[in-house]
Amino acid sequence: MSREDGEERISRGDGTALLIIPERFSEAVLKDEPTTLRLITNPAQRILPGIVEGILATLVDGTFYVQQVLGEPVREIMESTNDLADPPSSLVVSSVSVAFNETIQRMGEYVFPPAIELVVEMEEKEEETTSVDFGTIFFQSMLFMFLLFGAQGISDGLWREREERTLSRIVSTPGRLSGFLLGKVLAGVVVLGGILAAALALGTWLYDFPWATYPAVLFWLLLVAALLIALFSLIQLVAVSRRGASLILNVIVFPMMMLGGSFFPPEGMPDWLAVIGRYTPNGYGLHILKMLQAGAPDPRTVVVAFALFAAVTGLSLWLASVRLRSSFAKAAS
Amino acid sequence: MVRVDRLRKEYGDLVAVEEISFEAEPGKIFGLLGPNGAGKSTIIGCMSGLLQPTAGVVHILNHDVVREPLAAKRQLGVVPQELALYDDLSATENLNFWGGAYGLRGGSLKQRVGELLELIGLQDRAKEPVKKYSGGMKRRLNFACGIVHQPKVLLLDEPTVGVDPQSRVRLLDLVREQASTGTCVLYTTHYREEAEALCDRLAIVDHGKLIASGSLAELKAILGERDLLRLSGRFPDGEITVALHALEGLEVVQAEEELLTLAMRDASEMLPEVFSVLERAGATIRETTVTRPSLETLFIKLTGKELRE
Chain A
2 MSREDGEERI SRGDGTALLI IPERFSEAVL KDEPTTLRLI TNPAQRILPG IVEGILATLV
62 DGTFYVQQVL GEPVREIMES TNDLADPPSS LVVSSVSVAF NETIQRMGEY VFPPAIELVV
122 EMEEKEEETT SVDFGTIFFQ SMLFMFLLFG AQGISDGLWR EREERTLSRI VSTPGRLSGF
182 LLGKVLAGVV VLGGILAAAL ALGTWLYDFP WATYPAVLFW LLLVAALLIA LFSLIQLVAV
242 SRRGASLILN VIVFPMMMLG GSFFPPEGMP DWLAVIGRYT PNGYGLHILK MLQAGAPDPR
302 TVVVAFALFA AVTGLSLWLA SVRLRSSFAK AAS
Chain B
17 MVRVDRLRKE YGDLVAVEEI SFEAEPGKIF GLLGPNGAGK STIIGCMSGL LQPTAGVVHI
77 LNHDVVREPL AAKRQLGVVP QELALYDDLS ATENLNFWGG AYGLRGGSLK QRVGELLELI
137 GLQDRAKEPV KKYSGGMKRR LNFACGIVHQ PKVLLLDEPT VGVDPQSRVR LLDLVREQAS
197 TGTCVLYTTH YREEAEALCD RLAIVDHGKL IASGSLAELK AILGERDLLR LSGRFPDGEI
257 TVALHALEGL EVVQAEEELL TLAMRDASEM LPEVFSVLER AGATIRETTV TRPSLETLFI
317 KLTGKELRE
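As you go down the protein sequences, you meet chains A and B in turn. Every letter in the first sequence is one number past the one before it in the numbering used here, and letter 217, counting from 1, is 218. Every letter in the second sequence is one number past the one before it in the numbering used here, and letter 156, counting from 1, is 172.
The set of hints was computed from the structure by calculation and includes no laboratory data. Be aware that a few hints might be false.
As the list claims (entries may be wrong) - Below, in silico cross-link-like pairs of lysine to any residue (SDA-like), each with a Cα-Cα straight-line distance of 25 Å or less:
hint: 1; chain 1: A; residue 1: Lys32; chain 2: A; residue 2: Gly7
hint: 2; chain 1: A; residue 1: Lys185; chain 2: B; residue 2: Glu98
hint: 3; chain 1: A; residue 1: Lys185; chain 2: B; residue 2: Gly249
hint: 4; chain 1: B; residue 1: Lys126; chain 2: A; residue 2: Lys331
hint: 5; chain 1: A; residue 1: Lys185; chain 2: B; residue 2: Leu125
hint: 6; chain 1: B; residue 1: Lys143; chain 2: A; residue 2: Arg161
hint: 7; chain 1: B; residue 1: Lys147; chain 2: A; residue 2: Lys32
hint: 8; chain 1: A; residue 1: Lys331; chain 2: B; residue 2: Leu125
hint: 9; chain 1: A; residue 1: Lys331; chain 2: A; residue 2: Gly72
Claimed, not checked - Computed beta-carbon distance windows for the label pairs:
hint: 10; chain 1: A; residue 1: Ser327; chain 2: B; residue 2: Thr307; range: 44 to 50 Å
hint: 11; chain 1: A; residue 1: Pro216; chain 2: B; residue 2: Val73; range: 25 to 31 Å
hint: 12; chain 1: B; residue 1: Arg83; chain 2: A; residue 2: Phe307; range: 37 to 43 Å
hint: 13; chain 1: A; residue 1: Leu187; chain 2: B; residue 2: Leu30; range: 35 to 41 Å
hint: 14; chain 1: A; residue 1: Arg244; chain 2: B; residue 2: Glu84; range: 37 to 43 Å
hint: 15; chain 1: A; residue 1: Glu164; chain 2: B; residue 2: Val73; range: 53 to 59 Å
hint: 16; chain 1: A; residue 1: Leu207; chain 2: B; residue 2: Lys147; range: 36 to 42 Å
hint: 17; chain 1: B; residue 1: Val31; chain 2: A; residue 2: Glu164; range: 26 to 32 Å
hint: 18; chain 1: A; residue 1: Gly184; chain 2: B; residue 2: Leu30; range: 46 to 52 Å
hint: 19; chain 1: A; residue 1: Gly158; chain 2: B; residue 2: Gly249; range: 40 to 46 Å
We put the beta carbon where it would ideally sit given N, CA and C, even for glycine.
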């Protein structure tokens with residue numbers, strides 16, 4: 002095919018590639034002279050031109066090496082005969098054969114087997130990279146989401162007691178209202194604690210947390226449960242109606258959940274947002290939980306956390322008790 | 017046993033209870049009779065410690081309810097007007113809970129719960145959730161929860177409201193049984209029949225004021241065994257009262273343009289004479305009612321209105 006015909010077909014999009022071989026290409030190759038092959042590909046096609054290009058590159062490389070290794074004897078054959086119908090003399094053939102044989106023997110020590118030694122070396126990591134296990138961090142976050150919703154539901158029991166008049170009846174008994182409130186909080190902690198204990202055992206087994214951390218982690222979660230129930234009970238008692246209490250708690254709980262890492266794990270948040278979230282009760286609780294489950298907590302931080310949560314729980318209970326005695330229970334009459 | 021002295025309760029400008037005083041004795045049933053909104057539940061609230069009195073004192077077995085609330089409440093059982101039960105719990109669990117709230121524990125609580133279930137006739141359904149009970153069953157359980165600790169003073173705030181006749185009879189029997197064991201029972205109601213049938217002594221309350229008190233006989237004596245004659249129609253102002261004064265032994269209790277209430281002995285016999293006087297005075301009579309002496313007639317005489325109003 003002529004060059005023009007080839008270029009026209011490529012222009013029509015009728016071919017994949019056009020290889021243009023210059024005149025005296027073979028002679029140039031044999032004489033080790035510079036020469037250029039030109040490959041025109043069809044831009045409308047994506048895969049086939051690439052394949053053609055790859056094959057041609059391999060062929061060019063192969064031709065170069067053959068020329069380098071066997072170029073001399075081949076040139077001798079070509080120079081000894083000007084006409085293919087006139088075969089070379091026996092002297093030339095024997096000379097070329099010896100040349101081929103010597104060349105192959107010389108290459109043999111590299112080719113059979115290939116004289117390539119493969120040395121495998123593993124690069125040592127410069128620094129330990131932290132792998133993020135999403136199962137683990139979602140499990141920890143879900144524990145706190147459960148605590149938030151559980152505490153909210155349990156705290157609503159105060160309004161139910163008031164509406165069902167059992168709270169009025171309790172006021173007429175010799176029992177103290179503070180004791181009643183404490184009992185409700187403890188009952189809530191026991192209920193949530195039972196579920197937490199099972200969930201935590203499952204998580205410890207699934208995510209390979211050290212079992213030695215289990216008691217401390219469970220105790221921490223129970224303290225968080227007590228804090229949230231006491232805090233939410235106080236909010237319930239301050240509200241003027243059950244619907245109002247529900248609204249206020251939703252307004253508080255949802256941002257707490259989002260910021261405090263109970264919905265989106267803090268690892269997936271921007272740093273500045275994660276820092277803010279750590280100042281929410283559940284966010285701080287989650288931070289301490291991770292520290293405890295990692296198995297090497299800072300003792301001072303842990304002691305401060307336990308003391309802080311216990312103090313806030315106590316304060317919330319006291320304020321709730323005052324509110325319960327002074328108005329909430331009386332208004333039930 | 018129970019002494020209420022000059023009790024007063026205000027809600028802002030509203031005076032719910034005004035200077036009420038009475039005493040109730042052990043083994044007796046003291047009734048507070050009055051229409052809805054008279055202030056009966058407010059009095060019970062102040063006595064049970066649920067409400068803080070504005071003034072006055074309430075003594076339960078010589079314990080001031082405000083100053084010694086725990087000592088007073090230990091002797092007190094309260095059966096509120098509204099049901100105050102845990103619907104999801106069974107009768108046994110409710111009784112256990114309220115018994116525990118009054119300090120009962122262990123074997124004595126278990127024994128007492130068994131006694132009460134038998135007393136209120138719920139032993140067969142003791143383990144069912146309360147929400148499955150009928151209204152009458154809930155009322156009986158509500159009553160039992162108030163006496164689980166065998167209180168020396170029992171406050172009952174209209175315990176038979178909305179109860180079917182059979183359950184009402186059973187409840188009234190239970191109240192009598194409590195009084196017969198020496199308990200001082202204070203019973204509020206707006207049912208005149210209940211008060212007459214049940215109470216040894218009564219206080220009639222209206223608009224937060226105590227308008228009469230005493231035994232049933234003492235209260236009826238205020239009427240002087242007189243019948244109450246209520247006439248509706250048209251009664252010209254002024255002339256009627258003057259004309260009726262001519263009749264001996266007749267008292268004009270209430271005289272309005274369309275309603276006339278008279279108290280007299282043997283009203284049915286005096287009817288022709290009363291009609292004659294009223295006709296001469298220009299009155300028109302459409303309806304006549306003669307009521308024998310009762311708490312109802314006393315209430316009408318004292319307040320000018322019926323108990324149910």
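Starting from the range 36 to 42 Å, see whether the pair Leu207(A) and Lys147(B) falls in it by beta-carbon distance. Since the Cβ atoms of Leu207(A) and Lys147(B) sit about 40 Å apart, the hinted range of 36 to 42 Å holds.
Indicate whether the distance between the beta carbons of Arg83(B) and Phe307(A) respects the range 37 to 43 Å. Distance hint for Arg83(B), Phe307(A) holds at roughly 41 Å.
Hint consistency between Lys147(B) and Lys32(A) [alpha-carbon to alpha-carbon, up to 25 Å]: Roughly 108 Å between the alpha carbons, so the hint for Lys147(B) and Lys32(A) is violated.
Confirm or reject the claim that Gly158(A) and Gly249(B) have a C-beta distance inside 40 to 46 Å. At 59 Å between Cβs, range violated.
Between Lys185(A) and Leu125(B), is the straight-line Cα distance small enough, at 25 Å or below? holds (22 Å)
In this structure, is the beta-carbon distance linking Arg244(A) and Glu84(B) contained in 37 to 43 Å? Holds - the Cβ-Cβ distance for Arg244(A) and Glu84(B), about 38 Å, lies within 37 to 43 Å.
For the pair supplied as a hint, Lys185(A) and Glu98(B), is the alpha-carbon distance within the 25 Å limit? It holds: about 23 Å lies between the C-alpha atoms, which stays within 25 Å.
Should the hint that Val31(B) and Glu164(A) are 26 to 32 Å apart at their CB atoms be regarded as holding? Taking Cβ atoms as reference, Val31(B) and Glu164(A) lie about 28 Å apart, which means the hint holds.
Lys185(A) and Gly249(B) were given as a pair; does the straight-line alpha-carbon distance stay at or below 25 Å? Cα-Cα ~62 Å, so violated.
Do the alpha carbons of Lys331(A) and Gly72(A) lie within 25 Å of each other, as the hint requires? Violated, at roughly 112 Å.
Supplied distance hint 35 to 41 Å, evaluated on CB atoms of Leu187(A) and Leu30(B): Once the Cβ atoms are compared, 40 Å apart, the range 35 to 41 Å for Leu30(B) and Leu187(A) holds.
Can the restraint linking Lys331(A) and Leu125(B) be considered satisfied, given a maximum Cα separation of 25 Å? Violated - the C-alpha atoms of Leu125(B) and Lys331(A) are around 28 Å apart, more than 25 Å.
Hints 1, 3, 4, 7, 8, 9, 11, 15, 18 and 19 from the earlier list are contradicted by this structure; the remaining hints agree with it.
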